[in-house]
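Visitor: Sequence:
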Amino acid sequence: MNVFSWCLCGFLMILGLAQLWEALLLWWYRPRLPLLRYEVVPLSGQVENGEQLLHFLRLTTAGSQLLLLDFGLDSQSRNLLRQLCSEQGACFLTPEEAEELLFEANDLV
122 MNVFSWCLCG
132 FLMILGLAQL
142 WEALLLWWYR
152 PRLPLLRYEV
162 VPLSGQVENG
172 EQLLHFLRLT
182 TAGSQLLLLD
192 FGLDSQSRNL
202 LRQLCSEQGA
212 CFLTPEEAEE
222 LLFEANDLV
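Under this note's numbering, the first residue of the sequence shown is numbered 122, with each subsequent residue one higher.
Honestly, the hints are just simulated from the structure, not real lab data.
Be aware that a few hints might be false.
[Claimed, not checked] Per label pair, the in silico range of CB-to-CB distance: (1) Thr-181 with Leu-138: 29 to 39 Å; (2) Leu-222 with Trp-148: 33 to 43 Å; (3) Ile-135 with Gly-210: 42 to 52 Å; (4) Arg-158 with Asn-200: 50 to 60 Å.
The beta-carbon is built from N, C-alpha and C at its ideal position, and this holds for glycine as well.
Start from the sequences, fold in the hints, and give me the full structure.
Guide: Set out below in structure tokens:
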């Protein structure tokens, strides 16, 4: 039993050292600046439960900038989503506004 205990302790010690080495390497090679990520969601027609949709998208795209594109929403959905996006920090754009934004960003590069 004593040999088994020593072998198990040795194995767990080696496993712990490997995990520590992995954590140090991940910390050392991490990106220094936060990465900019964008999640683009095209919407059209009538959107029911806009609050739930936006809440779901905010949860599933955590850490990303959320862009909602209006590809023919009805006026009620458009107004609701525009208001919700302004309250929750998401962007609500028409395709023309998105194109203009991309061209401005391209000029900066």
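Visitor: Next, verify each hint and record whether it holds.
Guide: Cross-check of the supplied hints:
1. With their beta carbons about 36 Å apart, Thr-181 and Leu-138 fall inside the hinted range of 29 to 39 Å.
2. The given range of 33 to 43 Å is respected by Leu-222 and Trp-148, whose C-beta atoms sit roughly 35 Å from each other.
3. Between Ile-135 and Gly-210, the C-beta spacing of about 46 Å keeps the proposed range 42 to 52 Å intact.
4. As the Cβ distance of Arg-158 to Asn-200 is approximately 28 Å, the hint placing it in 50 to 60 Å is violated.
Hint 4 from the earlier list is the only one contradicted by this structure; the remaining hints agree with it.
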